[in-house]
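Peer 1: Given next are the chains, with one letter for each unit.
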Amino acid sequence: MENNTKSDVIIETKDVTRIFYMGEVEVKALRGVSLKIKRGEFVAIMGSSGSGKSTFLNQLGLLDIPTSGTVIINSIDTSKMSEKEKGNFRLHNLGYVFQDYALLPELSAIENVCLPLMMQGKSKEEYQRAASAVLISVGLEDRLDQFPSKMSGGQQQRVSIARALAHKPRVLFADEPCANLDSLASKQILELFRKFNKEEDQTIVMVTHEEWHMEYVDRVIRLKDGVLES
Amino acid sequence: MIILEKGKVSFFLASRSIIRGNKGITTFTILVMTLIFLQIVLFSSILGGVTVQFNKLMVDYQTGNLVIEPVENEKYIEDTSSLQKKIEGLPEIIGSSARLRSSGVISHQGKEVGTVIYGIDPGDESQVTHLESAMLSGEFISCPDRGEIILGREVSGGYGALMESKSLGGVEVGNTVNVKIEGVNREFRVKGIYSTLYSNTDSSAYINKADMEEILGVKNRANEIAVKTTSDISEEDARMKLLSLGIKEEIRTWHEFAGMLKTIESTLTMLRNAFSAIGLLIAFVIIFVVIYVNIVNKKRQIGVQKAIGIDQKVIVTSFVIQAVLYAFIGITLGYLIMHYIISPYTIVHPLQIAVGPISLILENFEAFSRAALLFLAAVIGSFIPAYNLSKKSLLELIWGK
Ligand SMILES: Nc1ncnc2c1ncn2[C@@H]1O[C@H](COP(=O)(O)OP(=O)(O)OP(=O)(O)O)[C@@H](O)[C@H]1O
Ligand SMILES: [Mg+2]
Chain A
2 MENNTKSDVI IETKDVTRIF YMGEVEVKAL RGVSLKIKRG EFVAIMGSSG
52 SGKSTFLNQL GLLDIPTSGT VIINSIDTSK MSEKEKGNFR LHNLGYVFQD
102 YALLPELSAI ENVCLPLMMQ GKSKEEYQRA ASAVLISVGL EDRLDQFPSK
152 MSGGQQQRVS IARALAHKPR VLFADEPCAN LDSLASKQIL ELFRKFNKEE
202 DQTIVMVTHE EWHMEYVDRV IRLKDGVLES
Chain B
-7 MIILEKGKVS FFLASRSIIR GNKGITTFTI LVMTLIFLQI VLFSSILGGV
43 TVQFNKLMVD YQTGNLVIEP VENEKYIEDT SSLQKKIEGL PEIIGSSARL
93 RSSGVISHQG KEVGTVIYGI DPGDESQVTH LESAMLSGEF ISCPDRGEII
143 LGREVSGGYG ALMESKSLGG VEVGNTVNVK IEGVNREFRV KGIYSTLYSN
193 TDSSAYINKA DMEEILGVKN RANEIAVKTT SDISEEDARM KLLSLGIKEE
243 IRTWHEFAGM LKTIESTLTM LRNAFSAIGL LIAFVIIFVV IYVNIVNKKR
293 QIGVQKAIGI DQKVIVTSFV IQAVLYAFIG ITLGYLIMHY IISPYTIVHP
343 LQIAVGPISL ILENFEAFSR AALLFLAAVI GSFIPAYNLS KKSLLELIWG
393 K
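Chains A and B are the protein sequences, given in the same order.
Under this note's numbering, the first residue of the first sequence carries the number 2, and numbering increases by one thereafter.
Under this note's numbering, the first residue of the second sequence carries the number -7, and numbering increases by one thereafter.
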């Protein structure tokens, strides 16, 4: 494998497994998944319920630790990182969109988006400019100071996308971002993803179980019982 | 630099939480802090008030501001009349009372009470103490009248005496009592009965100085001279003034006589600290529970913050800042309530307790030291739950797995 940052592979997994222990019972959620995702790709992870999609996405996004195997992002072997380093890596390189938006209810739209940038140590001027720019690009120019509780699901999800993209992450992860939305709002979200993918060359990894989402993505990875379906 | 940046994020999260978080929880937490602070300082200011009142009684009914005593190994101060003249020449001195003091036994209808009996010049005494206005029955002794005695209610009995059984059991004004001092027996007519609430004075008796001089066989002498100064000079300064007159006798300020009180005071201080410790423990538990519940409710938010890369330290610090701000607001409110409502109210309407009326004064040192301990409780009470929660795995925090 090429070992420089110019490599067109952004994520590589090698034989990733994840076993959950529930008392005596072992749940093998992932049984050895190896794949590569290219820079600028928009990938969908699909499969039936319980096939391990979320678990796999969490390994890619460094939200969980694999039982064995490695996840390499941007040529960096993440299994060697400490928790603190992973936190810092997530802050600077990765972005997340959750199924239920996961906005902080006490922060306004723009404050939610500013938070990661503040944490990066950006100046007030910088983070406010970046946050309003990205909120405008997701079509929320007139809701900068609104609170999540006063927004529709689609609007909240767009704030969440803005928060995930404000710091220009190398990869955007989204776990069923449209599951709580009607088809119109879902389309808007998928179109936003496609726009960022095409215009900004944003790498996106999205979990979904809706077949019609396929038309928005470059590639579909199918999981079945914790392994790739070929 | 980096610490400052992180601190900013913590402060940002904390302030948003306070401003926009659940108003009910915020109000409740602040109220709890206010009440805990008041509870702690109220008790200690009651005890403080008791000490102040005790000292006031002593000054008002016994020592005055200063007491002149014989030089060491002497029983008497000599030539008191010229000494008093000299003292009273100072503008800062309101008056002085030269007293002869002896232990004696007073008996009436077969009952006897051992007590301290003072021989005083009634006019002089009234310049120094409020004894004259403490009469419950009858009158204060007057200068020319001889063979008259006034009794504290603990000696006479009746009038709500605290230790009735050790008294003469109900002597009334007009009765005649037998007084035995240094083997000399004399009959005295009870002219009045008084109560000052100051226990030492209330278990004494006063007779005319001339009578006492006769019994003891002394002239122009005193065992002590109590001195009253104007309120605009401190006892220490007044003492210096007297010393500069060339007085060779011992001059003590009333503070030195508070010695008897010191034993009580140390007990009171111990009580005060014990109650504060209990109060603080309760405070700590309440603060811990309130903050714990608040933080556990935010488990998922903590997970999301951690997931998007907010440093665990920043998250924990934001909760600690929040708790400290609650404590600050609560304590400030408590302090203001104490300072502007409770203290002024009890100054106008003092609490009536056994030693007399007391007002609740909050000393600043007291307020600050208790506040510091409450802050500590807030810091620990928020740090522990925030730290324990935020160190959990993201799967558990976000998805509860
Ligand atoms: N923390 C956990 N503890 C125990 N078992 C788990 C845990 N997380 C996931 N699992 C199990 O691992 C398997 C894969 O779960 P996962 O959530 O990855 O599936 P999924 O493909 O995302 O399903 P869905 O479409 O329903 O979201 C399931 O059998 C699930 O019950
Ligand atoms: Mg899932």
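Calculated from the structure, these hints are not laboratory results.
Backbone N, C-alpha and C define an ideal beta-carbon position, used for all residues, glycine too.
The reader is advised that the hints may include incorrect statements.
Okay, derived cross-link-like pairs now, DSSO-like style, lysine-lysine, Cα gap no bigger than 27 Å in a straight line [stated by the list, open to error]: (1) B:K291 x A:K87; (2) A:K169 x A:K37; (3) A:K15 x B:K393.
Label-pair distances were calculated between CB atoms; the ranges are [stated by the list, open to error]: (4) A:D101 x B:L27: 31 to 41 Å; (5) A:D101 x B:V281: 48 to 58 Å; (6) B:I321 x A:E230: 32 to 42 Å.
Peer 1: Does each hint fit the structure? Answer for all of them.
Peer 2: Status of the hints after comparison with the structure:
A distance of roughly 20 Å separates the Cα atoms of K291 of chain B and K87 of chain A; the hinted pair therefore holds under the 27 Å criterion. For the proposed pair K169 of chain A and K37 of chain A, the alpha carbon gap of about 21 Å is at most 27 Å, so the pair holds. Proposed proximity of K15 of chain A and K393 of chain B is supported: the alpha carbons are some 25 Å apart, at most 27 Å. For D101 of chain A and L27 of chain B, the Cβ-Cβ distance of about 38 Å falls inside the hinted range of 31 to 41 Å, so the restraint holds.
Restraint check, D101 of chain A to V281 of chain B: a C-beta distance of roughly 29 Å breaks the suggested window 48 to 58 Å. Restraint check, I321 of chain B to E230 of chain A: a C-beta distance of roughly 59 Å breaks the suggested window 32 to 42 Å.
Of the hints listed earlier, those the structure fails to meet are numbers 5, 6, in rising order.
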